[in-house]
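Asks: The working numbering puts the sequence shown at residues 1 to 119.
None of these hints come from the bench; they were simulated from the model.
Treat each hint with caution, since some may be false.
[What the hints assert, rightly or not] Per label pair, the in silico range of CB-to-CB distance: (1) Asp92 with Glu47: 30 to 38 angstroms; (2) Gly68 with Glu107: 16 to 24 angstroms; (3) Ser42 with Lys16: 12 to 20 angstroms; (4) Lys16 with Thr100: 26 to 34 angstroms.
For every residue, glycine included, the Cβ atom is placed at its ideal position computed from N, Cα and C.
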Amino acid sequence: MSQGPRRLLRLESVDKVTVVSFVDNKIVTEEQIQEVGEQLYSLVEDEGHKSLLLNFGNVQYLSSAALGKLINLKKKVSAVKGKLKLCCIHPDLLEVFRITRLDQVFEIYPEEQTALDKF
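Generate coordinates for the entire structure from the input sequences, incorporating the hints supplied.
Replies: Shown next as structure tokens:
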């Protein structure tokens, strides 16, 4: 009996915000990226979450394909008039966001509480 896909996200509800933490510290394989993308999209499309805070505290490395999933997630959240914010991004990873100018696309906060206060 198979268990189905492994959950790659931890969810916590704070007020009306869904805080999403990543289980793995590297999101690089095609399978991981696909699964993380599906789980994130499902939160918005299937479960109706509109206020998402992605906490990258555990993530040290993301592939460029994973960044693409984040951009698509932002579009999905915007389509339902929701809010998406990011927090706790490792300095090396934050540099990738700066180089790709994604730091101008996403609202990024150094700490989870600071981000929660902005919803």
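Asks: Compare the structure with each hint and give your call.
Replies: To see whether the hints hold, each was checked on the structure:
no.	hint	verdict
1	Asp92 with Glu47: 30 to 38 angstroms	holds (32 angstroms)
2	Gly68 with Glu107: 16 to 24 angstroms	holds (19 angstroms)
3	Ser42 with Lys16: 12 to 20 angstroms	holds (19 angstroms)
4	Lys16 with Thr100: 26 to 34 angstroms	holds (30 angstroms)
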